[in-house]
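The whole structure should be built from the sequences, with the hints applied where relevant.
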Amino acid sequence: GAVVSQHPSRVICKSGTSVKIECRSLDFQATTMFWYRQFPKQSLMLMATSNEGSKATYEQGVEKDKFLINHASLTLSTLTVTSAHPEDSSFYICSASGQGDPYEQYFGPGTRLTVT
Amino acid sequence: AQRVTQPEKLLSVFKGAPVELKCNYSYSGSPELFWYVQYSRQRLQLLLRHISRESIKGFTADLNKGETSFHLKKPFAQEEDSAMYYCALSTPGGSYIPTFGRGTSLIVHP
Numbered sequence: 601g602a603v604v605s606q607h608p609s610r611v612i613c614k615s616g617t618s619v620k621i622e623c624r625s626l627d628f629q630a631t632t633m634f635w636y637r638q639f640p641k642q643s644l645m646l647m648a649t650s651n652e653g654s655k656a657t658y659e660q661g662v663e664k665d666k667f668l669i670n671h672a673s674l675t676l677s678t679l680t681v682t683s684a685h686p687e688d689s690s691f692y693i694c695s696a697s698g699q700g701d702p703y704e705q706y707f708g709p710g711t712r713l714t715v716t
Numbered sequence: 008a009q010r011v012t013q014p015e016k017l018l019s020v021f022k023g024a025p026v027e028l029k030c031n032y033s034y035s036g037s038p039e040l041f042w043y044v045q046y047s048r049q050r051l052q053l054l055l056r057h058i059s060r061e062s063i064k065g066f067t068a069d070l071n072k073g074e075t076s077f078h079l080k081k082p083f084a085q086e087e088d089s090a091m092y093y094c095a096l097s098t099p100g101g102s103y104i105p106t107f108g109r110g111t112s113l114i115v116h117p
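If you read the protein sequences in the order shown, they are chains S and H.
The opening residue of the first sequence carries number 601 in the numbering used here; numbering runs sequentially from there.
The opening residue of the second sequence carries number 8 in the numbering used here; numbering runs sequentially from there.
Be aware that a few hints might be false.
[To be verified] Subject to a maximum C-alpha distance of 27 Å in a straight line, what follows is the list of computed DSS-like cross-link-like pairs (lysine-lysine):
#1 S:Lys-620 / S:Lys-641
#2 S:Lys-620 / S:Lys-664
#3 S:Lys-641 / H:Lys-64
#4 S:Lys-641 / H:Lys-80
#5 H:Lys-29 / H:Lys-64
#6 H:Lys-22 / S:Lys-641
#7 H:Lys-16 / S:Lys-664
#8 S:Lys-641 / H:Lys-29
#9 S:Lys-641 / S:Lys-614
#10 H:Lys-80 / H:Lys-22
In short, the hints are calculated from the structure, not lab data.
Structure below.
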């Protein structure tokens, strides 16, 4: 089946610094990628949807200047958390859907971000 | 607006007991419904979707349009079924962006 990878799996950074998280589709072309945030024991909160080559669409309440999303190719999307603060500490998950079945989503393993 | 409700945050059963994880949705049209599962320390993965009408790992889910429900059932729970289960809804009108329920943690005791 389709595989989505995320890098890094875990990152610790200092308050005020920026962190980049990569999401790659390894064996298929991802026309759409999604970025979620997951709090402990809670559901996934969709942050933004990105289509290759176009600007990301952010959900209400998500600061686009703080969470920069770039979907430069059909296999790579990046999420950059700028000027991170402790409240940004969370589990960030990406998913991707391909050209075949738009309903089918493949999830990455997630990235644990801790801001100290 | 589309919405998915999973009323139970936690469901605790003993091995061999039947399991039903509830999911209700609100959407006026014909949605595509999914159950995703997240085992401990693993990524979210698709368990089943209503259109395929398959039984995966002994789980089944029937779409009841009258009750707007898509409950997940298994007649005999196993310890390895312990995980977080998320019901999700997706529609063409919503650009296929899934709406997730808050999730139900299933714990199967030996």
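Status of each hint after checking the structure:
no.: 1; hint: S:Lys-620 / S:Lys-641; verdict: holds, 24 Å
no.: 2; hint: S:Lys-620 / S:Lys-664; verdict: holds, 14 Å
no.: 3; hint: S:Lys-641 / H:Lys-64; verdict: holds, 23 Å
no.: 4; hint: S:Lys-641 / H:Lys-80; verdict: holds, 22 Å
no.: 5; hint: H:Lys-29 / H:Lys-64; verdict: holds, 18 Å
no.: 6; hint: H:Lys-22 / S:Lys-641; verdict: holds, 23 Å
no.: 7; hint: H:Lys-16 / S:Lys-664; verdict: violated, 31 Å
no.: 8; hint: S:Lys-641 / H:Lys-29; verdict: holds, 17 Å
no.: 9; hint: S:Lys-641 / S:Lys-614; verdict: holds, 25 Å
no.: 10; hint: H:Lys-80 / H:Lys-22; verdict: holds, 14 Å
Checked against the numbered hints given earlier, this structure breaks only hint 7.
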